[in-house]
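Asker: Sequence:
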Amino acid sequence: MRRIRIAVVAFEGILPFHLSVPCAVFQSSTPERRSPFRLRVCSAEGRRITSAAGFSIGMDYGLEELAHADVVIVPSWRDSNEVPPAALLQQLRNVAARGKRVVGLCLGAYVLAHAGLLDGRKATTHWHWAGDLAKRFPDVEVDADVLYVDEGNIVTSAGAAAGIDCCLHLVRQMFGADMASSIARRMVVPPFRRGGQAQFIEQPVPEAPTDRRMARLLEQVQRHLDQEHSLDAMAEKAAMSRRSFTRHFRQLTGSSFGDWLLSQRLSEAQRLLETTPLPLERIAMAIGLGSPVTLRQHFQRAYRTSPTQYRRTFCAAQA
10 MRRIRIAVVA FEGILPFHLS VPCAVFQSST PERRSPFRLR VCSAEGRRIT
60 SAAGFSIGMD YGLEELAHAD VVIVPSWRDS NEVPPAALLQ QLRNVAARGK
110 RVVGLCLGAY VLAHAGLLDG RKATTHWHWA GDLAKRFPDV EVDADVLYVD
160 EGNIVTSAGA AAGIDCCLHL VRQMFGADMA SSIARRMVVP PFRRGGQAQF
210 IEQPVPEAPT DRRMARLLEQ VQRHLDQEHS LDAMAEKAAM SRRSFTRHFR
260 QLTGSSFGDW LLSQRLSEAQ RLLETTPLPL ERIAMAIGLG SPVTLRQHFQ
310 RAYRTSPTQY RRTFCAAQA
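Per the numbering used here, residue 10 is the first one in the sequence shown, and the count goes up by one each step.
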């Protein structure tokens, strides 16, 4: 299998965390396995830069390496008001023109916007800058309420840890759920969060006993997706009123229970399509959607492709 060539753009004043996100996901081989990725960190401004934390970073590659990449990731940008170097913008246009993937994490979306790659497309960025991005680039449809937006060969993500979700999404597309889950386990992060999940969750770290009860309840649901899980039944199991359960669930997860449940079912459908030869009828029953017609409808709406085409594309990618 040919290794996927990943180029990460570094620049003067980069935050170390932003640079580490794609490097951690697409890092080189470990003792346990040979990585399917060939990672290159490429400087946009000289072979030695100084990070925002004050330490210097030396690199063996410059922007010329982007011409050989399958995926180019701009992990952020140092200032939303600063126009990136013309050489970087031209290289990104060249990459997109070759049909390769260009990814802007966090304020990296500004870099893609300056390159004209977001015109007429949906995109996201850190929620704090989403309004500014929309104002300065009116041809871009900015969605501030999602973790990442996949527009085919152009991908953008929200801030900070949402970049991890975005990169794991790319891994899953290229090599499937098992590899994405393996990388997530190594990084000790959730294996898959759909891009439509809210950026801002009011209470991201459960603390109360009710939250632990809720966590156990949701684990049970995930283990039994084939069964019916009504909102009223869930509220009763959580010893809460329907209204309290709904409010509490949204505070914890950023979504409604119905949206969360559908997300879990579709995620499992992806895994089964990737890893088994089960017919759609069996998959639909196994995830609790009942019929292949219902599965096709939800799958098409969520992923803009049919289950059959998804399986065909995935199998082709693994060939």
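There's no promise every hint is true.
What the hints assert, rightly or not - What follows is a set of in silico ranges between Cβ atoms, one per label pair, in the way DEER data are often shown:
1. G22 <-> T322: 32 to 40 Å
2. R291 <-> R57: 25 to 33 Å
3. R252 <-> G55: 55 to 63 Å
4. S29 <-> D141: 22 to 30 Å
5. A96 <-> R291: 50 to 58 Å
6. P94 <-> E290: 37 to 45 Å
7. D187 <-> D268: 43 to 51 Å
The set of hints was computed from the structure by calculation and includes no laboratory data.
For each residue, glycine too, the CB sits at the ideal point set by N, CA and C.
Asker: Run every hint past the structure and note whether it holds.
Answerer: Hint by hint, here is what the structure shows:
1. At about 39 Å, the beta-carbon gap between G22 and T322 stays in the expected band of 32 to 40 Å.
2. Checked against the given bound of 25 to 33 Å, the beta carbons of R291 and R57, roughly 56 Å apart, lie outside it.
3. The hinted window of 55 to 63 Å between R252 and G55 holds, with their beta carbons roughly 58 Å apart.
4. At roughly 25 Å, the beta-carbon separation of S29 and D141 lies within the given 22 to 30 Å, and the hint holds.
5. Under the hint 50 to 58 Å, the C-beta atoms of A96 and R291, about 53 Å apart, fit the expected range.
6. P94 and E290 have their C-beta atoms about 54 Å apart, which leaves the hinted 37 to 45 Å range violated.
7. Taken as a hint, the range 43 to 51 Å is violated for the pair D187 and D268, whose Cβ atoms sit roughly 25 Å apart.
Hint check: violations occur at hints 2, 6 and 7; the rest are consistent with the structure.
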